[in-house]
Structures are given as structure tokens and as C-alpha cells.
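Keeping their order, the protein sequence lines are chains G and U.
The working numbering applies: residue 9 is where the first sequence begins, and numbers increase by one.
The working numbering applies: residue 9 is where the second sequence begins, and numbers increase by one.
Since the hints were derived computationally from the structure, they do not count as laboratory data.
Treat the hints with care, since some could be wrong.
Put simply, identical chains are the same to the list, so a pair is met inside one copy or across any two.
List time: in silico BS3-like cross-link candidates among lysine-lysine, alpha-carbon distance up to 27 Å [as the list claims (entries may be wrong)]: (1) Lys-247 x Lys-204; (2) Lys-71 x Lys-91; (3) Lys-286 x Lys-146; (4) Lys-204 x Lys-88; (5) Lys-103 x Lys-337; (6) Lys-337 x Lys-211; (7) Lys-89 x Lys-198; (8) Lys-204 x Lys-89; (9) Lys-90 x Lys-198; (10) Lys-88 x Lys-198; (11) Lys-204 x Lys-282; (12) Lys-282 x Lys-211; (13) Lys-271 x Lys-146; (14) Lys-31 x Lys-198; (15) Lys-261 x Lys-286; (16) Lys-282 x Lys-90; (17) Lys-91 x Lys-198; (18) Lys-271 x Lys-286; (19) Lys-31 x Lys-315; (20) Lys-12 x Lys-89; (21) Lys-286 x Lys-71; (22) Lys-146 x Lys-282; (23) Lys-31 x Lys-103.
Note that the structure is predicted; figures quoted are calculated from it, not measured.
There are 2 protein chains.
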Amino acid sequence: MKDKIIVAVDAMGGDNAPAEIVKGAVLAVNSSDNIYVVLLGNEEAVGSELAKYTYNKEKISVKNTTEVIETGEPPVMAIKKKKDSSLVAGMHMVKEGNADAIVSAGSSGAILVGGQVIVGRIKGVERPPLAPLIPTLKGVSLLVDCGANVDARASHLVQFARMGSIYMEHVMGVKNPKVAIVNIGVEEEKGNQLVKETYPLLKNCADINFVGSIEARDIPNGDVDVIVCEAFVGNVILKLYEGVGAALIQKVKQGMMTSFRSKIGALLVKPALKETLKSFDASEYGGAPLIGLNGLVVKTHGNSSSKEVCAAIRQCATFMEQEINEKIKEMLN
Amino acid sequence: MKDKIIVAVDAMGGDNAPAEIVKGAVLAVNSSDNIYVVLLGNEEAVGSELAKYTYNKEKISVKNTTEVIETGEPPVMAIKKKKDSSLVAGMHMVKEGNADAIVSAGSSGAILVGGQVIVGRIKGVERPPLAPLIPTLKGVSLLVDCGANVDARASHLVQFARMGSIYMEHVMGVKNPKVAIVNIGVEEEKGNQLVKETYPLLKNCADINFVGSIEARDIPNGDVDVIVCEAFVGNVILKLYEGVGAALIQKVKQGMMTSFRSKIGALLVKPALKETLKSFDASEYGGAPLIGLNGLVVKTHGNSSSKEVCAAIRQCATFMEQEINEKIKEMLN
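With the rest of the complex left out, here is chain G (with noise of 0.2 Å):
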């Protein structure tokens, strides 16, 4: 185990900023003794937040920024503008070496545009994606990518497919994780251009275990552990996974107040339900990692809870524990 991994965490990004962020760091540090955090933004409100917990007073400090980037910004703008928001400031430190990794639940475009510009590739990773874990009916699978980079090619298909494994197994313990591409069918010669010229490329890759087409409509049973396609189409998949969910719930519970009897049946189902259903909601699982950056990004979802900014951080040791950023540079040779 590394002795010390630091992590910066945006204190300013997302919705339950600072409140949520501060108490998630506080939550990781105490949950592990490698594990220490950097909180950027406002000294004034984040140390007012800090002074609600015990924890080891070395283990959290606050570097103060002036700025903030807001959701509906022009990322690549915001970037270069904003040098002293919390995610700049962040991310700087993640390319100065100051630290290892860093949260933030902020602007996704700015999250996305900062990682490639400030953090920066690793030598010969060509595109570095999202890749968010899903729920399934059997644990998580990783997205790979659900929103990077649009219009890539069957190349950086094949990073993503390599670089997904090499997470899931080491980050999530998923021993030789089974990779498939998103398909309109399961036929080799099924799918659009840039299926068909990926899906050989994956066959003949000795580094992972191709396991063919995966048609959407399979995704939520959890077959697979590392589903590869591009970030417009992985967009669409994960928000969707939401927007079903959303509703699908809603129309449960709309059903259960049709009758006199659903009413009593629903008084006695729910809490059970509510954790059940927990288990199955995208936005649970917010820690998407950046992958293929020279140091880590994690984004989170914007209304990320404590519990997940916890989450996400651990998620950074893990990351950093396992070396993943040098089994990368490994594969690449």
C-alpha cells in the first residue's frame, strides 16, 4: 500500500457543493489512513463546513480559489479563463505532480476539456475516455465512452476496449473482464461503419477477452464487463438508462395509488423497494474516471451525496494503488 495518495476535490462543482463535497472528503480520509485531500474553493465556506468534523487535521487542508466554473459555461473558454477556479487550480496540481488525482462533480464539458488540455494524454493514448460503471441485474459493467470524444475512430475503439480492461480488472477486481461493442445485432457483419471496421480490430486484440456484439437491449442483465462504443452513442446509453428509470419508477409508483388496496400493499413494500431499486440508478455509481491521462479525473455526478464524493476518492487510491497509469503505458509498448 502507498503511504500517502492525495487527491484534490473540487469543493465549488456540483449541486450539493460545498456542503457534500466536504463532508465526502472528510468521510475518505477517515475511512483509510493513505488517503489525504486537498480542498479547493472558498477557504471561508469550505472551512466552515470542515469545522462540523473530527478528523486528522493532516490529512485535509484547503487551498483557496476565487472562481468558480458554472455548468452552462463554454468549456473550452471557461478553461482558459477561469485560472483561478477550484477545477484549474485542480487540475494544475494533478500536472505538477502536488497531486495524484483529483473529484469533481462540476461542469462535465470543463471536466472533459481541462483534463485533455491541463492534465494532458498519456504518450500514445489517442483519445481518453469516459467511462462511468453501470448498474446491472449482476453488479457494474464500464461504459466506455459515454461522452469524450465524439466521432472517433475504430483506433480509439480499441484503447478504449484495452483500457477498460485493464480498470476492471484491477480497479474493480474483475478477473480477464469480458468486452463487447455496442451492435444492432449480434451478426459479425451487423452495425454501422465504425462497428464494422472495430469489431475485427477487437477480435484479433490479444490483451482482452472479446466476447463479440452486445446489443442494447442486453446491457442491464450484466453479461458483459466492459461495453465499448463511442461517446455519442455511450451518452445516450447512460442518460437513458436514467431517463427509464426515472420514469419507470414514477409509473410504479403511480400504479400502486390506482386502488384501495395497492395503497395498503405499497405502505408495506416500500421501504424494501426503495433499496432494491437504489441498486439499479446510474447516478449511484458517479465516479467516472477519465482514463488514459497522465494522473487521474474523476468526474462525478452533479448531485453526487457525500457517500459518492467518498466513493469517487477511495475509487482515486485504488486507481493509484494498482498503478493502472503504468499498466497503460505497459500495454502501449
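For chain G, the structure is supplied; the task is to place chain U on it using the hints.
Just chain U now, with coordinates in the frame of chain G:
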């Protein structure tokens, strides 16, 4: 009302053929004075199913065919070689004006290829899209294209939007239907190259009510009537709808079985819940028209029951009564 609408029905296609298909045809002719059906398939098998029902014998005829296209067969080859299959014979009936429309629950690929190759496009239609109705919290939306034309171009998507509008307005009775393009953000500058090219064209389209981008997360809310996307993305949306729905329902069932208390509750909510969830099942709206052909080809879900087959046949009648193809021709002028 037109006196006579003749629908060719592929009695051999789908998981429940011929029994449910034949039953669906009987339901349809019994439900409306002007619907006539020609059932295509093995005369004996179809005849013995027909013998079970009461209906006006003048309204259903059987055309014997000796071949069946199976789901796994390469579509282009199947269409070419199996001239005496129920599907190919039915398509020729439409082509030659002996039927107004054909309904099939058989191989999607063969239906798409046959529609284009045998029935043929309306002059000026670049690509005929497959357009299923998907359930939403407010009713249904038309998803166009959901699988007919991968790697489509911007001009194709514009036609999808325009033809989809006509369909929703005149077949589904939605006044001034709202049209949106599937995107990975709602801002105009977001998207992949195809969406960026298509967006301004849709914005400048005088004959549709274009409301901008829609993220996949918001599709189930039903705020939009016509959802435009490229076929690969559309297919992912349609199938993930089914997949997430099925997985969540399994989770709900599991959740209800976790304690004695919740088991009792489950017994009470079950009937109400079943009904409500059924209304959110994409496979319940099985009739997807292939729009823009010289005639009408409707693909129903592979496991369609008689109810869905009947609904698809009735949908053909509305399509003909509303003279959708004439409206598409006017649109193209």
C-alpha cells in the same frame, strides 16, 4: 371512409405464427367494416387456425405460400431466393396494387430490405425510416429512424423529421407535433458532426414544429412527439428502453420478496402494478411503419400477440384513410 382497405398479413412471421397472427387478423376484420385481410402462409396451417373463429368469410382470404424466411437468414439473399415466402409474396401484392399494406412480425432485416427492394420508395424519398412508437409518461412518441438506415446523412434526417411529423399528425392525431433531434446536450453547438449539420436544417424547416435537441434522459418524459435520430442510435434507444424496463421490473419483483412485510404488500399491489407497467412496455406498441414507400410496410414485434397484430392492421387502415403517402408526395413537391 374508404370502402375497402386490403392488408396482406405474413401469417408465418414471428414467434407466435401462425396462431396469434391469424387471431389478430380476425380481430381486425371484425373491428371495422372496411378492413380486408389476405393471410399469406401454409394454407393448411392457416386454415385450421381460421376455422376456430367467426368472421365474415368475404373479408379474409388465404394465399398459399411454400417458403418461410427465418430470423437468422441474411436478408438480401433471403429476399432474392425465397420468392414463394409469405413475406416476399405479400410484398409483391403491395407492389402490384393487390394489397394496400403488409404487416409482418418476421425477420426485421428481410422486412427492411424487402420494403425497399420490392415495394420501393416514393420518388424523392432518399431513405425510408423505420418508425416505432415508444411509450412515454404522457403517451407515445415516434422514434425515427430506429434501424433502417445506419450512417444516414443530414438530408435523410430532415426527411425523417418531416415524414414523422405527417405520421404523428394524421395517423396518431397529434396537432402540430413537436419534433426534436437526439443529442448529448441541449445547446445548439453540442453534438457529433451529423447532429451539428442536421440541426440548422431542421431549424429552417418551415413545415415542422422543431423544438431543438433532446437528451436521451428526457425521452421517456414524453414532451416531444417526433424524436429524430440516426438508425444506430435509434436502435440503441429502442432496445435499451426494453432492456432497462425488463431489468427494473425484475428488480421490483426482487425488492418485493426481501421481507415478510414486503411479500404481503406485493400481493396487494401486484394487479394494479402489472397494468401500469404494461403501458410502459415498448414491445406493446408493436406496429412500426417503414415510412416513405409506395404502399405501406409495417413491422410488428417478433413476439406480437393477436392484440398487437390487430392494432398494426388497424394502423394500416388509418394510414390509408388519412392518405399519408399522398401527403408525403405533396411535401416533396
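Hint-by-hint comparison with the structure:
1. Lys-247 x Lys-204: both (25 Å within a copy, 20 Å between copies)
2. Lys-71 x Lys-91: The answer is within: 14 Å in one copy meets 27 Å, while 75 Å across copies does not.
3. Lys-286 x Lys-146: Both: 14 Å inside a chain and 24 Å across chains, each within 27 Å.
4. Lys-204 x Lys-88: between (38 Å within a copy, 24 Å between copies)
5. Lys-103 x Lys-337: within (17 Å within a copy, 60 Å between copies)
6. Lys-337 x Lys-211: Classified as within; 22 Å inside a copy, 46 Å across copies.
7. Lys-89 x Lys-198: between (45 Å within a copy, 21 Å between copies)
8. Lys-204 x Lys-89: Between. Shortest inter-copy distance 26 Å satisfies the 27 Å Cα cut-off; intra-copy 41 Å does not.
9. Lys-90 x Lys-198: between (46 Å within a copy, 21 Å between copies)
10. Lys-88 x Lys-198: between (43 Å within a copy, 19 Å between copies)
11. Lys-204 x Lys-282: neither (41 Å within a copy, 40 Å between copies)
12. Lys-282 x Lys-211: Neither way: Lys-282 and Lys-211 sit 41 Å apart in one copy and 42 Å across, limit 27 Å.
13. Lys-271 x Lys-146: Answer is between; shortest inter-copy Cα gap is 23 Å, intra-copy 31 Å.
14. Lys-31 x Lys-198: neither (48 Å within a copy, 33 Å between copies)
15. Lys-261 x Lys-286: both (15 Å within a copy, 14 Å between copies)
16. Lys-282 x Lys-90: For Lys-282 and Lys-90, neither the intra-copy (41 Å) nor the inter-copy (52 Å) Cα distance is at most 27 Å.
17. Lys-91 x Lys-198: So Lys-91 and Lys-198 pass the 27 Å test across copies only (24 Å; inside, 47 Å).
18. Lys-271 x Lys-286: both (21 Å within a copy, 19 Å between copies)
19. Lys-31 x Lys-315: Answer is within: at 8 Å inside a copy they meet the 27 Å cutoff, but 54 Å across does not.
20. Lys-12 x Lys-89: neither (32 Å within a copy, 69 Å between copies)
21. Lys-286 x Lys-71: Neither. Shortest intra-copy (34 Å) and inter-copy (53 Å) distances fail the 27 Å Cα cut-off.
22. Lys-146 x Lys-282: This pair counts as both: shortest intra-copy Cα distance 18 Å, inter-copy 24 Å.
23. Lys-31 x Lys-103: within (25 Å within a copy, 68 Å between copies)
In this structure, the earlier hints numbered 11, 12, 14, 16, 20, 21 are contradicted, and the remaining ones agree with it.
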